[in-house]
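**Student:** Protein chains in written order, with my numbering: chain A, 17 to 277; chain B, 17 to 277; chain C, 18 to 536; chain D, 18 to 536.
These are computed hints drawn from the structure, not numbers from a lab.
There may be inaccurate statements among the hints.
[Said to hold, decoys possible] Distance ranges between label pairs, derived from CB positions:
| # | chain 1 | residue 1 | chain 2 | residue 2 | range |
| --- | --- | --- | --- | --- | --- |
| 1 | D | N535 | B | E207 | 25 to 33 Å |
| 2 | A | S107 | C | E364 | 45 to 53 Å |
| 3 | D | Q44 | C | K469 | 31 to 39 Å |
[As the list claims (entries may be wrong)] Only some residues are given here: those of chain D computed to face chain A with a beta carbon under 10 Å:
| # | residue |
| --- | --- |
| 4 | Q109 |
| 5 | A175 |
| 6 | N178 |
| 7 | P361 |
| 8 | I480 |
| 9 | G533 |
| 10 | L534 |
The structure displayed is predicted, hence computed values, not measured ones.
We put the beta carbon where it would ideally sit given N, CA and C, even for glycine.
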Amino acid sequence: MDDNKKRIKPYGDTLNDGKVQMSFTLPLQAGPEASEAGKMLAEQMGLEEVDVVDIKDLGEGFCYLILYGKVKYSVDRSQVRITRVEMETMSYYEVNDFIRNKIGRKVVVVGACTGSDAHTVGLDAIMNMKGYAGEYGLERYPEIETYNLGSQVPNEVLIKKAIKVDADAILVSQVVTQKGAHVTNLTELVEMIEAEGLRERFILVVGGPRISHELALEIGFDAGFGRGTIPPEVASYIVQKINEREGDSNGSYDQIEDGSK
Amino acid sequence: MDDNKKRIKPYGDTLNDGKVQMSFTLPLQAGPEASEAGKMLAEQMGLEEVDVVDIKDLGEGFCYLILYGKVKYSVDRSQVRITRVEMETMSYYEVNDFIRNKIGRKVVVVGACTGSDAHTVGLDAIMNMKGYAGEYGLERYPEIETYNLGSQVPNEVLIKKAIKVDADAILVSQVVTQKGAHVTNLTELVEMIEAEGLRERFILVVGGPRISHELALEIGFDAGFGRGTIPPEVASYIVQKINEREGDSNGSYDQIEDGSK
Amino acid sequence: MQEKLKIDKQLEKRCRNAARSIADDIQSRIEGYTTTAVERTVIRTLGVDGVSNEEIPLPNVVVEDVKRAGKLDKGAAYWFGNAMLETEKSPQEIAEAIDRGELSLTSLPERNFKEIKQLIDSRVAETVNKIEGSREARKDLQERFNLGPKPWLYVIVATGNIYEDLRQARAAAREGADIVAVIRSTAQSLLDYVPYGATTEGFGGTYATQENFRIMREGLDEVGEEIGRYIQLVNYCSGLAMPEIAIMGAVERLDMMLNDAMYGILFRDINMKRTFIDQYFSRMINSYAGIIINTGEDNYLTTADAKEEAHTVVASQFINRELAIRSGLKPEQIGLGHAFEIDPDVEDGFLLEVAQAQMVRQLFPDCPLKYMPPTKHMTGDIFKGHLQDGLFNLASVMTGQEIQLLGMLTEAIHTPFLHDRALSIENARYIFNNARHLGDEIVFKQDGIIQKRADKVLSETAIMLEEVAEKGLMGAIEEGMFAGISRTISGGKGVEGVIKKGEDYYNPFLDQLKEGLNI
Amino acid sequence: MQEKLKIDKQLEKRCRNAARSIADDIQSRIEGYTTTAVERTVIRTLGVDGVSNEEIPLPNVVVEDVKRAGKLDKGAAYWFGNAMLETEKSPQEIAEAIDRGELSLTSLPERNFKEIKQLIDSRVAETVNKIEGSREARKDLQERFNLGPKPWLYVIVATGNIYEDLRQARAAAREGADIVAVIRSTAQSLLDYVPYGATTEGFGGTYATQENFRIMREGLDEVGEEIGRYIQLVNYCSGLAMPEIAIMGAVERLDMMLNDAMYGILFRDINMKRTFIDQYFSRMINSYAGIIINTGEDNYLTTADAKEEAHTVVASQFINRELAIRSGLKPEQIGLGHAFEIDPDVEDGFLLEVAQAQMVRQLFPDCPLKYMPPTKHMTGDIFKGHLQDGLFNLASVMTGQEIQLLGMLTEAIHTPFLHDRALSIENARYIFNNARHLGDEIVFKQDGIIQKRADKVLSETAIMLEEVAEKGLMGAIEEGMFAGISRTISGGKGVEGVIKKGEDYYNPFLDQLKEGLNI
Ligand code: B12
Ligand code: B12
Ligand SMILES: Cc1ncc(COP(=O)(O)O)c(C=O)c1O
Ligand SMILES: Cc1ncc(COP(=O)(O)O)c(C=O)c1O
């Protein structure tokens, strides 16, 4: 791979011109001072030839700036590490076969929107019969037994239920992320499970539009699924993970830091 | 002034939360790698909690990313220096009085869109009778004699004309800035004037939507005017500058680096 | 103005009749009940406020005291009035004494009811007067400052911090917003009480408290004075403490309240009966206070498909309207909700949206319509999102909507930043101004897509309403006929707060409201 | 389809009559002239191409040689044919010999004209066949790949580097663009020649060269094959080398050419006569090649106000159309230009735009309309700009426009970046799809703002056209009646290239075109 291709830079209309669009509000009245402050800030961010193309006073001592510039940084493509859930995505049929052949019992899954979160559409998309984007939800899988506890479920209730039905996996949906609400909530869940010494017993999965696998790992979950997840992805991950834990452990489906090219 | 107020940071919904919106194209196919590369680039730019909220494949090995994050940098308000044309903006009547009282002769101004630039609207806004934004253009000022050479005027032609009519000021409009066309053009003009030893004879003014006073100074002009300039600003500058050069030089109207607060 | 759509009068009539019978049925099922929330509201009208050492609001302490004794069927006011006569203490002192465990309302000797009634009625009348005062003040200010042209620009603030909210609200008002809604913190609707005082923390929104209402009101009046436009203030009259919020809003001069007959049931799993009772009462308060309610039909489309389930929205509007009228609300106070939520990939989706908006406009000509922006189909593509909001604004001005909740280009990402709101306002102002009279200019073709769509939705609405009338609204909800969500009659939160009224049930506030509203 | 606007037939007729007399007058004034550019074009049809050591294109060298001798009045073809007979060299060899100073066309012995004509006519016929071949190839490909639905999405590329342009064009085609225009480098229109070969540098655009045309054509055919849609290629047939570009475009199978009767005069200060002569000839080539021309009335609104001067656009459309027809262009090849350029702050501005677009649509039902986006009123506020473009797209789909030049949210900032174009395409696709049949659904009110606006503009147009007819078009331009710009008959660039035809003037290409076009 030649050096040129290795270093990645933004593109406007000429390779590596570094062109970037940016916008933000500053706590200053619109005017030359704010414009210059915006430019200085952009320069600190590594922008050159900064052009403040619009500035709008928002009142209350604030103004909004739109600017363009050329960023001087670049990314070395060989250094890009993607943390993603590593597994083979199987189809509805393949998952059910996998369970029958490799796990040999029904897989039990409990899901909930926890804390004060009432956004059920995402979790329903994964769990309910109807599914999402043309794919059946987990409830429809003959080899999966599902419990969808719905919205605003306290962590204690979720754990209690998971113990009661002897769940393999706990699925948590978190959509509201303002002021880090989800992090607090998810951390609490992990801590409570660990406190009860049950961490190894459950596969912990979290999903939501602002969730990344990376964040999930940081918080102590096994996997995280973001925007646009489809049910078979989740099913595939769970069954492979169970198989890995219980079974012939003939492969690692866990997170892998890979430097793809 | 308290320290808190001195350091300026972007604002989303909480003071100093540093929230910034950004977008750019990368020479990568849309996918996790591109998303991560975008994130890494944003991190180099000082963004934290980077969230790639949208990624769109553009074909030809490119993709477009929209992202949000919190910038860790801030700007020290006391360090913000504004380079602006320093002068008192006078009205149409005041300018004419000023010329009559302080200069005592007609002021001569030659203007042109130079090089290959054919965008005459901006220069016409400043020079023509009709003016701009409700303000008369220079042509209307009884004490100013104007020559508007129009579009795509070669630098030589402009200089020749300025010498011929014994101009006080040369006004250049540059609107096309792609690939630095304006810089080449403007630099050439300054060099040609200097080569003829005429630099002190003319007040050199440049204007255009992407022109800043700072850029004008760098290139060797006396002043630069950007978006939204109105004719009396230009007239005020010119007459004060003439007065400063010729007259009782009772004040400096030139660029001043001021740290306003 | 020429009617742009032909509405089948026969179908319309069928809808109205069914809705009427649905509403009458609900009324008959709730008449005999009160709730803990209703009783707390009455206690508030007597002047009890503040919280205990454990942060429990004193109205809860008072009502809990009676409830524990199983004597709420007489109405909390009766016991409280009795205690006032017996102890000769102020309402606040009594509440505090209960909190300290020094007093239990139901263990005092019982005085003569007439005497109690006289005392309490006059106390309540003071509060009723206060509400009237607010209503008058609103009228005066609106005359002095004016209201902006319709569609009114409605924006939300949701920082969690009331002071930050105010700042953002003031900025928005100066940019052209007509209405500011403070979005509540995520879990508040499930709180069976109202938090107290100014609050600076919340998730996805700011707590609704009386003090927060006051702070916003004051701030918006200030900016209104500055810009010469009256800025309307909105909050949520919903959840387990719905009627308490109503009284707080009435006193602090809120101008609108989100208040829907079914929202709590469907989206917060609050018990049906509890909801309908609280609803009825809180709507009377809103009615008396001159507040415009905003119903929440838009929410259906967050879980159901906007193209397929459009008739459920209209059916619910008919029902919400009938129920509201039974609480004394005048049509001009009934801000029926609907939304621009069709998948942006649907061909001619804009035509379908226009059909719906225009039909609703003609079906409810005397109700201000509350039009909600695209939310479900917004993505991280803020540029496309801004356009979706633009078409939404256009549909609105084309069809004469009135309360326009502005969409945000960052809808799929975060609660609005200061500049997101500014861009939204700019969007609406641009579109409204540029197409101001487009609605007056055009007529829809007789057998076109728009007319046919309206016909179809209306006929589905009539069928649905008749089915609901048959089953009863509660039965229909059990069957998941709204938003695809099913709830049982006896299930849901707050069911324990539903109390059968006794023979001698006394609710001075209810009585005075009924009198004042002539119902 | 029902006519959405009432057009006053009497006014329309007055416009057409005046335009006809204006066009006839122009024709009569140019008939007796040729230009250096026309002659160079003829030389090109004989197969001369390439550049001298000093980068001067050989067709210029050849024509300059005859001109210097003052003998261009006979037509360059005559002299060149004569030289071919005399020297028995190939056209290219002759041109090179002239360049080296070894040959001067006019100093050779003169052969018999019949002989010359025979030779030259057959040479020219080869080129004419080539053009026909291109036209056929276009037809075949369009049948095989299909064209997208209208309005067609027209985007520009302008990197300065033809290879970068191609890359951006391919990306755009995959995203949904139907038409790609390569914008020319800023100063090319003032070049009295056509640069040669592939070019990778330019300011604000890329040089139009035959090789660049070929590269783009090939690339777009490739991507067309891939996506199953024929991508139309556009360039500028304007400036001092207008007819040469026409022949290059005809051979390389361009599909559209910006080609306006007055653009060069007004916006590039090119001499009027020169322009009209070059125009007439180049349009015949475009006509024969099956190319759609795009006229440039939109440009007026960059210097004149779109609300006040709307009638000048319509007047010019009538004139452009009449002149085009005189060059053999069929109505379906005449892409009349107009633009969405009303100040976005004007109340009901959108209604005025719709009035204009709809009126033009009805006045010229058989011409494809080229609709230009907001440019002058775009600002650095890219979010608002995206909305302005959105309303523009809506006006287009509502009124049945055909060639939709997409607006860019960064119009006020820079020539389009890759993603600016992608966002534009997304914008147009979203709006077009969402409001696909809106135009069929609505009728405009009889005495509404839209109808009245159309009436007003049309009546102003008739008055203006009659005034222009009175003065003659050249006189009208002298008086600044278009775009507020005034040019004198004898002034402007390229006037030295206008040559009076002699009695025995010979232009084989013109003759064959006329024959082929039946004019
Ligand atoms: C619909 C909706 C609602 C509905 C919810 C109805 C319901 N029953 O779910 C209603 C109207 C009730 C609502 C209310 C509120 N909402 Co809301 N809502 C939305 C909206 C418009 C769409 C969400 C949605 O349904 N997406 C569709 C689904 C399919 O996508 P998804 O959730 O991303 O799920 C996918 C993946 O993420 C993943 N996934 C999700 N969960 C899980 C779980 C697992 C285990 C796995 C594997 C995968 C997975 O798979 C799914 C399929 O691909 C968004 C804005 C938007 N356009 O995104 C705001 C939004 C989410 N809401 C928001 C807010 C703040 C609220 C409120 C808190 C506002 C308030 N204060 O009143 C309230 C209260 C809700 C509460 N207590 O939580 C904010 C959140 C901001 C933030 N980032 O913190 C948003 C972003 C809007 C905004 N910009 O302000 N909301
Ligand atoms: C109108 C216009 C045209 C018209 C010009 C007509 C005319 N007679 O001027 C036409 C259609 C001919 C045209 C053609 C082209 N244009 Co043009 N055009 C514009 C447009 C839409 C508006 C410019 C304008 O009139 N603004 C209004 C005036 C009043 O504003 P202003 O110029 O900023 O002037 C103010 C100040 O800047 C200042 N000022 C300006 N000059 C001076 C001089 C002095 C001395 C002072 C004191 C002040 C001053 O005062 C003025 C009043 O406040 C802009 C896009 C946009 N919205 O800005 C593109 C734009 C400027 N054009 C552009 C391009 C590339 C072209 C072409 C080169 C494209 C091509 N390859 O064919 C051609 C060729 C033109 C050429 N050779 O220069 C680009 C430039 C990109 C860049 N940054 O380099 C733009 C930004 C569009 C784009 N995004 O691609 N264009
Ligand atoms: C009618 C109605 N009530 C209440 C709410 C909010 O309720 P909560 O506070 O439960 O989120 C909404 C949400 O948009 C609503 O539409
Ligand atoms: C009709 C027409 N011709 C030519 C041009 C471009 O000409 P030039 O190459 O002179 O910039 C334009 C510009 O938009 C145009 O509209």
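**Student:** State for each hint whether it applies.
**Tutor:** How the hints compare with the structure:
1. N535(D) x E207(B): 25 to 33 Å: Distance hint for N535(D), E207(B) is violated at roughly 58 Å.
2. S107(A) x E364(C): 45 to 53 Å: violated, 31 Å
3. Q44(D) x K469(C): 31 to 39 Å: violated, 52 Å
4. Q109: Violated, about 36 Å.
5. A175: holds, 8 Å
6. N178: This hint holds: N178(D) lies near chain A, its Cβ roughly 8 Å from the closest one there, short of 10 Å.
7. P361: violated, 14 Å
8. I480: The hint is violated - I480(D) has no Cβ within 10 Å of chain A, the shortest such distance being about 41 Å.
9. G533: Status violated, d = 41 Å.
10. L534: violated, 40 Å
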